[in-house]
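Undergrad: Residue strings, one per chain:
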Amino acid sequence: MSNIYSTLERLHITLPPMAKPAAAYQPFCVSGSMVYLSGHIAKKEGLPWVGQLGLTMNTEEGQAAARSVAIDLMGTLQAACQSLGHDLEAVKQIVKVTSLVNSTPEYTQQHLVTNGCSELLAEVFQSKGLHARSAFGVVQLPMGACVEIEMIVELNA
Amino acid sequence: MSNIYSTLERLHITLPPMAKPAAAYQPFCVSGSMVYLSGHIAKKEGLPWVGQLGLTMNTEEGQAAARSVAIDLMGTLQAACQSLGHDLEAVKQIVKVTSLVNSTPEYTQQHLVTNGCSELLAEVFQSKGLHARSAFGVVQLPMGACVEIEMIVELNA
Amino acid sequence: MSNIYSTLERLHITLPPMAKPAAAYQPFCVSGSMVYLSGHIAKKEGLPWVGQLGLTMNTEEGQAAARSVAIDLMGTLQAACQSLGHDLEAVKQIVKVTSLVNSTPEYTQQHLVTNGCSELLAEVFQSKGLHARSAFGVVQLPMGACVEIEMIVELNA
Numbered sequence: 001m002s003n004i005y006s007t008l009e010r011l012h013i014t015l016p017p018m019a020k021p022a023a024a025y026q027p028f029c030v031s032g033s034m035v036y037l038s039g040h041i042a043k044k045e046g047l048p049w050v051g052q053l054g055l056t057m058n059t060e061e062g063q064a065a066a067r068s069v070a071i072d073l074m075g076t077l078q079a080a081c082q083s084l085g086h087d088l089e090a091v092k093q094i095v096k097v098t099s100l101v102n103s104t105p106e107y108t109q110q111h112l113v114t115n116g117c118s119e120l121l122a123e124v125f126q127s128k129g130l131h132a133r134s135a136f137g138v139v140q141l142p143m144g145a146c147v148e149i150e151m152i153v154e155l156n157a
Numbered sequence: 158m159s160n161i162y163s164t165l166e167r168l169h170i171t172l173p174p175m176a177k178p179a180a181a182y183q184p185f186c187v188s189g190s191m192v193y194l195s196g197h198i199a200k201k202e203g204l205p206w207v208g209q210l211g212l213t214m215n216t217e218e219g220q221a222a223a224r225s226v227a228i229d230l231m232g233t234l235q236a237a238c239q240s241l242g243h244d245l246e247a248v249k250q251i252v253k254v255t256s257l258v259n260s261t262p263e264y265t266q267q268h269l270v271t272n273g274c275s276e277l278l279a280e281v282f283q284s285k286g287l288h289a290r291s292a293f294g295v296v297q298l299p300m301g302a303c304v305e306i307e308m309i310v311e312l313n314a
Numbered sequence: 315m316s317n318i319y320s321t322l323e324r325l326h327i328t329l330p331p332m333a334k335p336a337a338a339y340q341p342f343c344v345s346g347s348m349v350y351l352s353g354h355i356a357k358k359e360g361l362p363w364v365g366q367l368g369l370t371m372n373t374e375e376g377q378a379a380a381r382s383v384a385i386d387l388m389g390t391l392q393a394a395c396q397s398l399g400h401d402l403e404a405v406k407q408i409v410k411v412t413s414l415v416n417s418t419p420e421y422t423q424q425h426l427v428t429n430g431c432s433e434l435l436a437e438v439f440q441s442k443g444l445h446a447r448s449a450f451g452v453v454q455l456p457m458g459a460c461v462e463i464e465m466i467v468e469l470n471a
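Chains as they are written, first to last, in the numbering used here: chain W, 1 to 157; chain P, 158 to 314; chain C, 315 to 471.
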């Protein structure tokens, strides 16, 4: 088994099927060797993970939510790879992560929340999982979700 | 007439000339076969379409604003294509849409607002108009606009 | 001396070393001829430049902060070029700037704040510095910073 899939197994992570968009768009778009993944909102038991950092959630809970989004993103990324006849081994590198954290005007730890996603990507993809990133506080998210994360990934040609 | 332009005609849509940036940047940048379109704010009768979802505007009004931004984006995209000696027929696919919705902390339908843009793109460009997307709530936008949308588009080589 | 470095010298700008990420990500990621630069927060004397537009900072101060982020971004961009055996002369064009301005719900001049960054890029890189851009208001930023800016840059092949 590859490093990627054996790591997922060791972490007891089962990748979900591709996320279903909540509206008129697609979960991913392939352009050349790049995959653009739509913003994925955090979910809990299949429903939007509702909350706001600084109000109803603390940093640790936010990290758990961001980690769960990383798992959903990997599920969609796997589906994107499969649509091209590959699997996650085709990933050359995670290029960019953009993380939108539902925040009060006082909450300032969006970077720590987003580590819940970034650290899992680095653990699963190792050096290929190191990425550029932006994280910031948004006033609200679709369906009240606490975190939304999008991603750009480069595949091997 | 091509499908794209006949659809625009059927919808009684006249594309505007390229948007004029409000500040020190350009409406688009071409890099290889990709066109990066700047964030376009919603406008009404040539002025910023001022408003905030959840406060002075409802979802239906937000959708109308997002649809108007899609028209302005197509105008700028057409100008980008023309700068390369083409027209909108050169579009290979709409790759990514990022939608910033001016929202109160309670408003959670940014995805439905953004459909006003996404659905028009899909109608005009058909399967080439299906895109990856993120939509989220921002606390405020330049000149008080209710919606700002940016786009990445791939052209045929 | 090249135009880029002589302009920096004329402006008395010394580029800092590559920014150190505050969390589990990298300051930049190279993908083909593109460099994706992580969101860089404004800093003052090495510490996060804390503030919010419309509350504790005015537009002029915000522009100064955005200008300082441009300098930090150029430092990281230079490091990215050096990792490939080049320097800033390898820049083909600044493609996209995304600017997140820590704003009150009433503040609407995010575009003017961001000019502090855009105008310096245009001065240093001349026509290669003209870029697509989005600027918007965010409810809060990591460590309370007043501005965060990310960038996509194309290098000569």
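In short, the hints are calculated from the structure, not lab data. Treat the hints with caution; some may be incorrect.
As the list claims (entries may be wrong) - Only pairs whose alpha carbons sit at most 25 Å apart, straight line, appear in this in silico SDA-like list of lysine to any residue: (1) W:Lys128 <-> C:Lys442; (2) P:Lys249 <-> W:Cys81; (3) P:Lys200 <-> P:Gly242; (4) C:Lys357 <-> P:Ala180; (5) C:Lys442 <-> P:Lys200; (6) P:Lys249 <-> W:Ile71; (7) W:Lys92 <-> W:Gln126; (8) W:Lys43 <-> W:Asn58; (9) W:Lys128 <-> C:Leu469; (10) W:Lys43 <-> W:Gly85; (11) P:Lys285 <-> W:Ser83; (12) P:Lys201 <-> P:Tyr162.
Unchecked claim - Here are the simulated distance ranges between beta carbons: (13) C:Ser441 <-> W:His12: 32 to 42 Å; (14) C:Gly346 <-> W:Lys20: 41 to 51 Å; (15) C:Glu420 <-> P:Ala236: 25 to 35 Å; (16) P:Ser240 <-> W:Gly32: 20 to 30 Å; (17) P:Leu168 <-> C:Ala471: 39 to 49 Å; (18) C:Glu323 <-> W:Glu89: 46 to 56 Å; (19) W:Glu89 <-> C:Gly346: 17 to 27 Å; (20) W:Gly32 <-> C:Ser397: 18 to 28 Å; (21) C:Glu437 <-> P:Asp244: 26 to 36 Å; (22) P:Asn160 <-> W:Arg10: 46 to 56 Å; (23) P:Glu280 <-> W:Leu47: 25 to 35 Å; (24) P:Arg167 <-> W:Glu89: 41 to 51 Å.
Said to hold, decoys possible - If the Cβ cut is set under 8 Å, some of the chain C residues that face chain P in the computed set are: (25) Asn317; (26) Tyr319; (27) Glu323; (28) His326; (29) Val344; (30) Lys357; (31) Ile385; (32) Gly389; (33) Cys395; (34) Val409; (35) Pro419; (36) Gln424; (37) Arg447; (38) Val452; (39) Asn470.
Model, not experiment: these values are computed from the prediction. Even for Gly, the Cβ is constructed at its ideal location relative to N, Cα and C.
Undergrad: Sort out whether Ser83 of chain W lies within 25 Å of Lys285 of chain P, counting only the CA atoms.
TA: 17 Å, holds
Undergrad: Range first: 41 to 51 Å. Now tell me if the beta carbons of Arg167 of chain P and Glu89 of chain W are that far apart.
TA: Holds, at about 46 Å.
Undergrad: Can the restraint linking Lys442 of chain C and Lys200 of chain P be considered satisfied, given a maximum Cα separation of 25 Å?
TA: 29 Å, violated
Undergrad: Run the distance test for Lys128 of chain W versus Lys442 of chain C: straight-line Cα separation, threshold 25 Å.
TA: 30 Å, violated
Undergrad: Taking the Cβ atom of Ser240 of chain P and the Cβ atom of Gly32 of chain W, is their distance within the range 20 to 30 Å?
TA: Given a distance of about 21 Å, which is inside 20 to 30 Å, the answer is holds.
Undergrad: Have a go at the His326 of chain C hint: is there a Cβ in chain P nearer than 8 Å to its own Cβ?
TA: 21 Å, violated
Undergrad: The hint says 17 to 27 Å between Glu89 of chain W and Gly346 of chain C; measuring C-beta to C-beta, is that right?
TA: 20 Å, holds
Undergrad: If you draw a straight line from the CA of Lys43 of chain W to the CA of Asn58 of chain W, is it 25 Å or shorter?
TA: Roughly 17 Å between the alpha carbons, so the hint for Lys43 of chain W and Asn58 of chain W holds.
Undergrad: Was the hint right that Pro419 of chain C lines chain P, CB cutoff 8 Å?
TA: Holds, about 5 Å.
Undergrad: Could one say that the CB atoms of Glu323 of chain C and Glu89 of chain W fall in the range 46 to 56 Å?
TA: 48 Å, holds
Undergrad: Holds or violated: Lys249 of chain P and Ile71 of chain W, Cα atoms, limit 25 Å.
TA: 30 Å, violated
Undergrad: Report holds or violated for the interface hint on Val344 of chain C, using the least CB-CB distance to chain P and a cut-off of 8 Å.
TA: It is violated, given that the least Cβ distance between Val344 of chain C and chain P is near 14 Å, above 8 Å.
Hints 1, 3, 5, 6, 10, 13, 14, 25, 26, 27, 28, 29, 30, 31, 32, 33, 39 from the earlier list are contradicted by this structure; the remaining hints agree with it.
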